[in-house]
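Chemist: Chains as they are written, first to last, in the working numbering: chain A, 1 to 113; chain B, 1 to 113.
No wet-lab data here; the hints were simulated from the structure.
Don't be surprised by glycine CBs; every beta carbon is placed ideally from N, CA and C.
One or more of the hints may lead you astray.
What the hints assert, rightly or not - Coverage of chain B stretches by chain A, computed from C-beta distances (three or more under 8 Å per stretch; other residues unrestricted):
1) 25-36
2) 44-58
Said to hold, decoys possible - Keeping only pairs whose Cα atoms sit at most 16 Å apart, straight-line, the calculated EDC-like set for lysine to aspartate or glutamate is:
3) Lys70/B - Asp3/B
4) Lys100/B - Glu59/A
5) Lys68/B - Glu99/B
6) Lys100/B - Glu101/A
7) Lys100/B - Asp3/B
8) Lys70/B - Asp26/B
9) Lys70/B - Asp54/B
10) Lys67/B - Glu38/B
11) Lys100/B - Asp97/A
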Amino acid sequence: SQTIHQWPATLVQPVGSPLSLECTVEGTSNPNLYWYRQAAGRGLQLLFYSVGIGQISSEVPQNLSASRPQDRQFILSSKKLLLSDSGFYLCAWRRRDGGHEQYFGPGTRLTVT
Amino acid sequence: GEDVEQSLFLSVREGDSSVINCTYTDSSSTYLYWYKQEPGAGLQLLTYIFSNMDMKQDQRLTVLLNKKDKHLSLRIADTQTGDSAIYFCAEMFSNFGNEKLTFGTGTRLTIIP
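Model the full assembly from the supplied sequences, consistent with the hints where possible.
Modeler: Here's what the structure looks like:
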């Protein structure tokens, strides 16, 4: 069966510090991968998606970047965090072929102080 | 563009049926989904419906789709305390071969004992 992991689960970082959030998927190959942000009391906003190693599409211009160094690894980064980067970050995966459902990880709660 | 709207709150007595509503704007949606988010957790895919269907039933869950009015609903029969959560509807939108999910803001379901 497939599982998706995210870490850390929670993070408190000062403004101006760097960020690295990691997402890994097990039990599948060549997944589509996604990063979403959920601000307090709001829905999900798609930040990035990837259809393969090194292939990243950005949905929203912002202070964040994403990378996919391995097939089942997706990393969300920032060089300098802003207060507005606080939120709940969710990674999701989808089968590349024959599937349409997206499955979500447990999320990372980021608080920028 | 695409937009998905939901009521923010719903309170239901334990044992009654819950009906969570959603409206969407993109008539070219292929699939529509319902996700459940418990406090501090990721999103759990509950069910989905293909856009050429009117209804789908899965145990206590019934999804109704009115394509003419672009209205989607989720009915939870015999609502239990474990159903307390935020429920998100989402539509899959295709744009030049890229598929992405657009989420509503979520409906917080509270169960009254």
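Chemist: Against this structure, judge whether each hint is valid.
Modeler: Results of checking the hints against the structure:
no.: 1; hint: 25-36; in the structure: holds (count 4)
no.: 2; hint: 44-58; in the structure: holds (count 3)
no.: 3; hint: Lys70/B - Asp3/B; in the structure: 11 Å, holds
no.: 4; hint: Lys100/B - Glu59/A; in the structure: 10 Å, holds
no.: 5; hint: Lys68/B - Glu99/B; in the structure: 22 Å, violated
no.: 6; hint: Lys100/B - Glu101/A; in the structure: 11 Å, holds
no.: 7; hint: Lys100/B - Asp3/B; in the structure: 13 Å, holds
no.: 8; hint: Lys70/B - Asp26/B; in the structure: 8 Å, holds
no.: 9; hint: Lys70/B - Asp54/B; in the structure: 11 Å, holds
no.: 10; hint: Lys67/B - Glu38/B; in the structure: 29 Å, violated
no.: 11; hint: Lys100/B - Asp97/A; in the structure: 15 Å, holds
The structure is inconsistent with the numbered hints 5, 10, although it conforms to all the rest.
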